[in-house]
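Visitor: So the chains spell out like this:
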Amino acid sequence: MEVQLRSPKEIMKLSRLGCFHQSKLSFLRSFLEEFKDWKYSRDLFELNKEGYGRAVYSFSKNNRTYSLICFANELKDDERSDRVIATKWDAAFALYDGIPNKQDIERLYENVPKQEVGRLSYKELTLSRANRSVRLFNEVVESLSNGRQPDKNILSKVGYLYRTTAVYGSGKFGLADRFRVKNRSEIKGPFRLEMMLVYLVRQFTFDQINHIAKNKNPKRFVELDSEIAKGLGIGNSTGLGMAPFIVNHPTLLNNWVLARETVLKKIREIENVDKNQFNTFLTCLKKSIKNVKNWNTDSDFQKKKIKELSNDLEKTIKYLETINVNQKFLFNEIYKWAENQVCDECLEYLVSIFMEPFDEIVNKFKDKMSSDEDRYFTIPTERKTSELRDILEKNYSDILKLDFLKKEKNYNFWFISKNKEEPRLGRRFEVNGSELEQPLAIARDIKKLYEKVIVTKNSLPIAEFLIENDDLRHVVRRAFIIEKFPYSEILDNTIGQKLMPIDMLRFKLSFFGAIKFDPRSDKWLRICMFQGAPLPNQLNNFNDKWVYETLN
Amino acid sequence: MRSLSEIDTISKRALRAKGFSWGIAEEIGKSVKQLELFGLPGLKNLNQYLKIYDQNKFQKIKLISKSNISENKFHCPISLGIGFLDQIKSLEKLKSLEFNKIAYPILFLSFASRASEVLGKKILVKLDEKEFILNFNQSIFGNYSKNEIWENANSVLINFLDNNNSFSEEEWKEMTKFANETFVEESDELKEKSAGAGLTDND
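If you read the protein sequences in the order shown, they are chains X and C.
Going by this note's numbering, 1530 is the number at position 161 of the first sequence; the sequence numbering is gapless.
Going by this note's numbering, 214 is the number at position 189 of the second sequence; the sequence numbering is gapless.
Rather than coming from a laboratory, the hints here were simulated on the basis of the structure.
Keep in mind it's a predicted model, so treat the numbers as computed, not measured.
Built from N, CA and C at the ideal position, the CB exists for glycine as well.
Certain hints may be false.
[Said to hold, decoys possible] Covered stretches of chain X, going by a simulated chain C footprint (3 or more residues, C-beta under 8 Å):
no., segment
1, 1435 to 1443
2, 1521 to 1534
[Stated by the list, open to error] Pulled a few chain C residues facing chain X out of the computed Cβ check, cut under 8 Å:
no., residue
3, M26
4, R27
5, S30
6, I35
7, S46
8, G48
9, K69
10, D111
11, R139
12, V143
13, E156
14, I158
15, F161
Construct all of the structure, not just a fragment, from the sequences and the given hints.
Guide: Dropping the structure here:
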């Protein structure tokens, strides 16, 4: 039996993308698999009694070393901000390509804590900064320095000691361009180096808190229990900076979603599902409910989604407990049931957990999730306008129905702020600046393109069409990309009044492997990464379903 | 040192700020990045072009033909470059092209380099007395290596090079002789035992 890939018109809607969850394809899980046999070490740890100073951690294998350089700084409470406009942080980090010498560390000390206004070099791969979750951090220091482990209930409410507020890579602020490292086999998958940075930062937070607690009360101090540490991840605070990325990297977007959709298709096509495979799925599903129950948020939008998810998961488990597990195409049956019976949030949750028993299917796709956008950049200008029209009608049919003359469809515009060079979303009819709009209103511009194309001679080559229509060149390019990459486009209005930008953020973060999405507004959210992940010294032997084993 | 990613972004934004469309701005971002990767002064020349852009009216060509002569104004390297790239499949049939008066010709080179990749053919570009061979957008080889602003070229000749070898058949045969010394002479026994089929395996 052949199952069709799910249609991009169904999947690439913002509300659906905003229901995606972590899975075996997620980059942080792939990173751990990739680096599990690398040698981990803490090469430098020079912190004062208060925990300020520098540290270096590394992963090495054969002749390759990646080193995380950490700078922990004193920060007054009123200086601490998760917003991108902040200029100081509790700690700042850079991932260095190789083993840094003293001069490198001094150079980075002058630049890394400054983040965006510092300068990095081609020897640095990623850059980040993080702030303490102050209340939790102090609580844990207090407990450990008094000889007791922290209260797990308090830990579970937050889930991390530090929150990163940005992770930069790929040439930002002078960092190494992707082309310098893209052929290294260990980082072929997307965002491996960003994941490495975050993972090592997590370890730094544990070492730092132990160090501070020990110095506070050397006689009574106990070290943070490793099982409790495992249950802590790294938080992340994410704003609109992430949203344009998925519009500006169409083939990468396609490859992420295509991998997920193809894995789903292949699982649905399994005729005889082994009972153990079904049991693995069911066990992961049941264990995962703990993560849902501990998914805390003040956002009414998210609370409603979590409630629906919880209810539908209960319903699903009841259904699964009565299902005939010997029937053919078992996962296809489960999928078809879920498609009609549960909300999108739950459906996508199930799709993620479907993957758990099927390493042999999933692993083939982990390295296919990168892309070289430049390869598909040049427009095939010898093609005809009639072909472009066909592509638009086939791939953007829902978009073409939108009426952008209506205010609510053309309500917002994306721009880059002058003071921080970060993406922002403004209300077109209320604030200034829409004349400097970024090219992220793809749906509107595709509609404009279509209106031009349908009044143009069919046989006109695209080269000649572009002479008179160069204002539409960016979407002509995209149309020819979607022809080859059907999941390359958000098939929705990114400037409408009802836009929830956090759907875009959540989609990307789900591929990172984030959990516990906590929207703080419609434009930024907090998440948790690596919660439940093995510690670096446990990497040579760990349960790859750790994400469902968290103590929290 | 600025990364190529930064060069791409800044070039794109700068061009957009001058009123070019986003699609054109994206093209120039990629082009300047590529020039810098090849060691040619793309950003320096783009910067100068943008500084004088408002005072100078450049010739903006639409359909390129075999001979493209501008009486007064200099050709805009971006307009010409994009036209050349977009129309490359039809221009190839002309075998060679000529232009006069092109401003900031280094910027044009990057588009011609990409056109070489699209065509699958090397392109020879002569800018006044300087020559450049564009190799499928993998490299640009030429007798010019100055890190300077090159304001204009008065004469531009373009030849589409056929996919010919750079060596003679005689040289190939001589190389083959050397290479064959890595082969093992086959005795009947080797023929019988080392190949999949036997000696009498005739259909």
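Visitor: Under the criterion of a CB-CB separation shorter than 8 Å, is C:S30 in contact with chain X as hinted?
Guide: holds, 3 Å
Visitor: Next item in the hint list is C:M26. Is there a CB on chain X closer than 8 Å to its CB?
Guide: holds, 6 Å
Visitor: Could you check if C:I158 really has its C-beta closer than 8 Å to a C-beta on chain X?
Guide: Because about 20 Å separates C:I158 from the closest Cβ in chain X, which is outside the 8 Å limit, the hint is violated.
Visitor: C:E156 was flagged as interface toward chain X. Is the shortest Cβ-Cβ separation under 8 Å?
Guide: Cβ of C:E156 sits 25 Å from chain X, so the hint is violated.
Visitor: So, as I understand it, the hint says C:I35 touches chain X; can you test that by seeing if any CB pair is closer than 8 Å?
Guide: violated, 11 Å
Visitor: Count residues of the segment 1521 to 1534 of chain X with a Cβ under 8 Å from any Cβ of chain C, then say if the count reaches three.
Guide: With 0 residues closer than 8 Å to chain C, the segment 1521 to 1534 of chain X misses the three-residue bar; violated.
Visitor: Can you tell me if the segment 1435 to 1443 of chain X counts as covered by chain C, using C-beta to C-beta distances under 8 Å and a minimum of three residues?
Guide: violated (count 0)
Visitor: Classify the hint on C:S46 as holds or violated, based on whether any CB of chain X lies nearer than 8 Å to its CB.
Guide: This interface hint holds because 5 Å falls under the 8 Å limit.
Visitor: Under 8 Å is the threshold here; is the Cβ of C:F161 close enough to any Cβ of chain X for the hint to stand?
Guide: violated, 13 Å
Visitor: Holds or violated: the hint that C:G48 contacts chain X, with Cβ atoms closer than 8 Å.
Guide: holds, 2 Å
Visitor: Let me know if the C-beta of C:R139 comes in closer than 8 Å to any C-beta of chain X, holds or violated.
Guide: Holds, about 6 Å.
Visitor: Hint C:K69 vs chain X: min CB-CB distance below 8 Å?
Guide: violated, 18 Å
In the structure shown, a violation is registered for the earlier hints numbered 1, 2, 6, 9, 13, 14, 15, in ascending order.
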